[in-house]
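**Student:** The primary structure of each chain is shown beneath.
2 protein chains.
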Amino acid sequence: MPLNADAEIEITALAWVPEGARGLVKDLRVRWALEEAGLDYRVRLLGGDRPANYRKDQPFDQVPCLSDGTVQIFESGAILQYIGKQSEALLPIDRQAKYRSIQWTYAAVSSVEPFVQFRVLLDAVFADQEWASPAKPTFDHYAQLRLGQVSAWLGDKRWLEGDRFTIGDLMMVTVLRIAGRGGLLADKPNLADYVSRGEARPAFQRALEDHLESFAQNQPEGVAA
Amino acid sequence: MPLNADAEIEITALAWVPEGARGLVKDLRVRWALEEAGLDYRVRLLGGDRPANYRKDQPFDQVPCLSDGTVQIFESGAILQYIGKQSEALLPIDRQAKYRSIQWTYAAVSSVEPFVQFRVLLDAVFADQEWASPAKPTFDHYAQLRLGQVSAWLGDKRWLEGDRFTIGDLMMVTVLRIAGRGGLLADKPNLADYVSRGEARPAFQRALEDHLESFAQNQPEGVAA
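First to last, the protein sequences are chains H and X. Under our numbering, think of the first position of the first sequence as 3, with each following residue one higher. Under our numbering, think of the first position of the second sequence as 3, with each following residue one higher.
If we strip away everything but chain H, and leave its shape as in the complex, we get:
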């Protein structure tokens, strides 16, 4: 089991988040990759008040960061590549296959996630805003456009580039889980099945369990779970 208090690799994660964010915070991406690669890691949990110097590690005050004595980096995409470089199971060595995998990590966080995320936020943190409801048709359009394009690309393939799971799939599955949580995959069965294939991987299951464990242990007094 990769969680190991003496591990060289340290990642940051949040000690507690509300129910709606559980399973979606981005440390899950890195935990999943580390489990796939079989690399031991330890976790530095951060409370709601970040340490004063945390922005030296992460300018956007977010998680995850990864440090291991060789690198000190943030952004889940860069971290997945760094882990992938240590595990051909996650990032192929062949140049075409390698850059196709890398390309899909950017596609997930840049060409899909923003459109899905803003649409989902209209039903969540933006829900009380007067403009949220009238904005939905526009944001629906963009979210469904991009999800439809991923669905058309995937077709009946198992993973984005065929039979082989890579960091590109890992990233895309975590982005599509946001869409699924927001009910946006209802008419995209091949994407829903693709997410299920990702979630069925033992490495994902272990990562999710460890991701969720700290939230139960750090439930603030007087705050609803």
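Careful, some of the hints might be misleading.
Same chains, same names: a pair is fine if it fits in one copy or spans any two.
[Said to hold, decoys possible] Listed below are the simulated EDC-like cross-link pairs for lysine to aspartate or glutamate, each with C-alpha atoms no more than 20 angstroms apart in a straight line: (1) K138 <-> D125; (2) K28 <-> D59; (3) K58 <-> E12; (4) K159 <-> D59; (5) K58 <-> D158.
The hints are simulated quantities; they were obtained by calculation from the structure and are not laboratory data.
Given the structure of chain H, go ahead and fit chain X onto it with the hints provided.
**Tutor:** Only chain X this time, still in chain H's reference frame:
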């Protein structure tokens, strides 16, 4: 001059775009990187109606793609890495410096660009929507939050990691140019100066000139420039 009809590297770009998009279409990122690296390239221009099979090359129907006989990839971030791998001037070999550079490309397109882009769209393609004006305070908040975090990180440094320009800066400058075009850098002088330093590079100037040239040559009849 890297534009060369016989070059092995081919990128895709748009034959024509309206005034508001000029200088911001993402082929500029790749042209700039190729100029910095001194790599010859040719351009495959696409009209408003894409070839029927273009989504086999680019599932989101966008530009740029890059092909060179070794790889066939899309997403400007992946392409910058591929070019960077052929030019230490753009992507350091030292592991910490390399992954810091890569990290900033993800930060630019994932942690900054979506917030800037949606705010700018409220004054552009969304401007006629009834919800656009009331949504501005919320989107202003997020855009300024992220721009402020980049500004705080940059401080008085020349580039994001100090004295050395990398693909991380190239990507961040192109994202901040969107913010600048939308008037969002008015109270962030260090970011405006950072953008100016990027734009002053001879490689950027050559890339921008070639990026703009096709628009003048392909002006549709009866459409305002």
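**Student:** When the hints from earlier in the document are held up against this structure, which numbers fail?
**Tutor:** none
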